[in-house]
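The sequence shown: position 68 = 68 (the working numbering), numbered continuously.
Hints listed in this document are in silico derivations from the structure and should not be mistaken for laboratory results. Careful: at least some of the hints might be erroneous.
Unchecked claim - Lysine-lysine pairs mimicking DSS-like chemistry, simulated, CA-CA at most 30 Å apart:
1. Lys14 <-> Lys27
2. Lys158 <-> Lys14
3. Lys87 <-> Lys105
4. Lys105 <-> Lys27
5. Lys154 <-> Lys15
6. Lys164 <-> Lys15
7. Lys152 <-> Lys105
8. Lys154 <-> Lys164
9. Lys66 <-> Lys76
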Amino acid sequence: MHILEGSIFYALYKKLLVFYRNSFLSKVVSGIVCAYRHSLVGRCIKATANRESSADHSAFVSVIKKLFNKMDKAAKRFSSAFGRWRKSSLLFTAAEGIIRMSNEKFFPFVFPIFGTGYIIGRVIQNRLMKRDIILFCLSVIAAVLLAFDREKIKLYVKNSLIYKLYLLVLG
C-alpha cells in the first residue's frame, strides 16, 4: 500500500471510506450484521462451520493427499536439479552479469551505443528514416537522465511546480 499512498486513486479511496463510515448505509449494514450474529440462522451456521469435516477421513481425500505428496517430492527433486543446471547455464550466467552491470553508473548508455550501430547500418543501407533519428535521440536523452544521480533528480522533482500542484490536489 505504500506505493499507492501517493496516487489520486488512493486519496479518492480514503475519502470514500470516510464518507461511507459516516453514512446512513454503514449504520444499516452494521445493524443487519449485529442482528444476524445473534439470530438463530447465524448461530446454526457458526455451529456448522466449527465442527470437524467429514472429508478428513474420506478415502478419496487421502488418495488426493498421497498424489499431491508425490507431486511435491517430484517438484523438490526438479528444483534441486534446476539449481545445479542454473549454475552451469550460460543463459543464467549472462542474465546475472546483466543484473550486476545494471547497478553501474554508465549502464543506461548501452542502448544509445546499440542505437548508434543501428543508425550507422541504416545510413550504409541508405534507408535512414526520421523515426530512427527520433528514437535514437530519445534513447540518448533517457540515458542521460538515468545516468544522473537519482537523489538530485528527486530533489528537483520535489521542488518543481508540477509536484507542488500535485500535492495540492491530493491534500
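Results for each hint:
{"no.": "1", "hint": "Lys14 <-> Lys27", "verdict": "18 Å, holds"}
{"no.": "2", "hint": "Lys158 <-> Lys14", "verdict": "23 Å, holds"}
{"no.": "3", "hint": "Lys87 <-> Lys105", "verdict": "27 Å, holds"}
{"no.": "4", "hint": "Lys105 <-> Lys27", "verdict": "57 Å, violated"}
{"no.": "5", "hint": "Lys154 <-> Lys15", "verdict": "28 Å, holds"}
{"no.": "6", "hint": "Lys164 <-> Lys15", "verdict": "20 Å, holds"}
{"no.": "7", "hint": "Lys152 <-> Lys105", "verdict": "14 Å, holds"}
{"no.": "8", "hint": "Lys154 <-> Lys164", "verdict": "13 Å, holds"}
{"no.": "9", "hint": "Lys66 <-> Lys76", "verdict": "15 Å, holds"}
Hint 4 from the list above is the single one not met by this structure.
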